[in-house]
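Just so you know, the protein sequences line up as chains A and B, in that order. According to the working numbering, the stretch in the first sequence is residues 1 to 467, in order. According to the working numbering, the stretch in the second sequence is residues 1 to 355, in order.
Don't read these hints as lab results, they were simulated from the structure. Incorrect hints may appear among the rest.
[Claimed, not checked] Below are the EDC-like pairs computed for lysine to aspartate or glutamate, each with C-alpha atoms no more than 20 angstroms apart in a straight line:
{"#": "1", "chain 1": "B", "residue 1": "LYS260", "chain 2": "B", "residue 2": "GLU235"}
{"#": "2", "chain 1": "A", "residue 1": "LYS289", "chain 2": "B", "residue 2": "ASP270"}
{"#": "3", "chain 1": "A", "residue 1": "LYS256", "chain 2": "B", "residue 2": "GLU244"}
{"#": "4", "chain 1": "B", "residue 1": "LYS39", "chain 2": "B", "residue 2": "GLU55"}
[Claimed, not checked] Counterexamples of contact, computed for chain B against chain A with all Cβ distances above 10 angstroms:
{"#": "5", "residue": "LEU28"}
{"#": "6", "residue": "LEU165"}
{"#": "7", "residue": "GLU225"}
Remember, predicted model here, so these are calculated numbers, not experimental data. By construction, the Cβ of each residue, glycine as well, lies at the ideal position given by its N, Cα and C atoms.
Here is what each chain is made of, one letter per residue.
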Amino acid sequence: MSRWIIYLQWFFLIYMLGISLSYMLLNIISIFSIIGHMATRRLDVFLDSFSDFEPPVSILVPAYNEAATIESSVLSLLQLAYSEFEVIIINDGSRDETLQLLIDRFQLVPIPVAYQIRLPVKPVRGFYKSNLYPNLRVIDKENGGKADALNAGINATRYPLFCSVDADSILQRDSLKRVMQPFLEDPRTVAAGGTIRIVNGSEVRDGFLLQAGLPGNLLVRMQIIEYLRAFLFGRLGWSPLNAMLIISGAFGVFRKEMVVQAGGYNTNTVGEDMELVVRLHRTLREQGKKYRISFVPDPICWTEAPADLKSLKRQRTRWQVGLAESLSQNLSLLFNHRGGLVGWIAFPYMLIFELFGPVVEVAGYIFVVLGFAFGIVSIQVLAVFFLLAIGLGMLVSVTALLLEQISFHIYSSPRHMISLFFAALAENLGYRQLIALWRLQGLLKWIRGGPPRWGEMTRQATWQKTD
Amino acid sequence: MLKIEALQVVVGIAAGLAITTVLILISLLFMSWIQNNRKKRQERFYAEWEPLLAEASLGSEQMPPLPSLRRRDYISFLLVWNRFQQNLRVESRWGLLQMATDLGMNQVAARMMKRRDETGKALAALTLGNLKDYTRWHLLQTMAERESGLCAQIAAGALAKIDPLRAAPILIPLFVERHEWPQTRVAAILGEMGSSIVSEPLVDAIRKAEEADIPRLLRYIPFIEPHAAVLLVRELLANRDNSEVIAACLIAVRYLEDHKSKDVVINLLDHPGWAVRVQAVNALGRLAGTGDVDHLSRMLSDSNWWVRYRSAQALVGLPFMDPKKLENIKEGQSDRYARDIMAQVIGEEGIGDSR
């Protein structure tokens, strides 16, 4: 019995060490990538480019009950700095006045469309074009979820590339130009995404970010740290290895033909954005095709983070279900002989540290705390476990801040930095453990099964201003 | 229980972590302080130099004496000087060139070219290009040919600025080889050199290029003089049977509006590849006369949606079409798909009531 307890102690300690060291390794790769990227970025303005040669893009915006923000979202999309694009709003059976608002504001008129059904979708009720903006179209369809709406949009696109955008995403004028850069530089690129930042506390006008800021809410500040970690090295670390498994659904560009060949968005998952990227990796690797899935570290899209525990819990359990579905539905990529770094490193990493991480983390906390209470775990082991779990966690979080300071230094004032530093420390003292518990619940929910459900988030949008 | 020695090691690591975390906080604050100071210093620098650069660009003969430029401000100066260069018309640049020469920026940029850091080298190449410094030609040529990525692209642009005639035979083979150079940037360099210079070597390069490269290179047709471009495209259409090359040629035919290729285009409406048929329809849409409406009408029944859609767009876009004729074409179609696609495009273009 005592031998098993020792094994268990070592298992939890080594796991904690392993997860933190892997973060550190990704961090080192990211530092090199970001330094190179920032050097190039400084000279970007001097590189003449001929905008006629930019490939045209279809922007797809699935909208479900978005009456509050849809007008400013569409207006901001129509003002993006890019040579040729169309905006397609897919009203996914909204129960509010989303469609009527669009009809009134953009002078939509119905048009007959010989709809090309390359991806099966829920019935389409009608198509509209705008009399004000020739590059704006609206599809009205029966409710089928975000993935179904995106598939309906893909069927209607006119251009070879499409960009999926959440209706509540806040962009910058050059967002599309920046995320398109990998497609210009490497014709093998099939998908590209960028950094998503948290908009709470920032100033936004008419759908565009004016000034980044910090929110007063500690819960949101801790999420800012999480986002920095997730994007600045979670993705930037994997991107040079062409092993990035997620492109956020809030803003990502895809090569349409590749997506259609892979079967479009999966309607049986709540993590349709990640599932599509994993499936693209799997199918392209199985076919032996050369491709790239790239990441642009520039902050190109801003999104509202949940400011209350209830919404945050829903979001995180949903993300975990999405992760489980994405990995389980593409399991053949794991250790596939054609899998490359994705199949042999990124996929197992996601499986061990991201999918089952909450199980080990929560079990570890319970084991050492209860073990100490019942006298089977020594005070030293308890101390070491917490030092590893919390100490390394803090180090990883503050390193993400360092990376932010090296690169974009959006939160540049010392006051912001100190505030975020303490949020990075505080994040490891309760918040991270709570998130692990919710993620575990998500995992259990996935094991129990059931239809995919999104749930709803209470949006505050206090940062939103309109003229 | 764990051995005490092992515990000591892990506790040591944990203590190390705590110290590292504190060190990171200190470096964060230090970096924030440095960056804010640097920003303030740059603002002061620009406030001092931008009016001088503006005056120099106006060609003022009574320039005030220039303040001394410290070594640490070289990069800031070159950044702002190059920005002025990019934004000014050619005739306004003389004063700026004189200013940079007086400040010894040629030598500074030449020294920077030998440094290891990519940004410094790229900025130096950009400066030498804007200075039209002939004496550093070989340095720039080597950079364009041997470096990768940004440095090579900027060096290529610099060569094109210094002497486009001499640069064309060096750069055009590079444009063929360097698949990773964004077409938007290559096009900008070709535009800078001008079609009278690039036409001949570009046509030559396309003729000799591997079949897989031709479609990419044919996108640069707008930079070839029209007569040479037309001859090249006709030659390719006559001699190549690769679908991607033919489709690229048809895009070029459309751009060049080469009416003499119309018969070839009409023949290609029956090509087995839908990607070729789409481009043939697009090209015919630009070339068609009243006698070609039937060719486009029959393509409304093509098996491929895109061919049908582009045919309908081509018909709607014909200059001699009116709503009544379009409605007649739509109603005259026995195929439902053909009628539907015509109705869609008529609706999209807002012509009449197609419902």
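Problem - Numbered hints the structure breaks, given as an ascending list - result: 2, 4, 5
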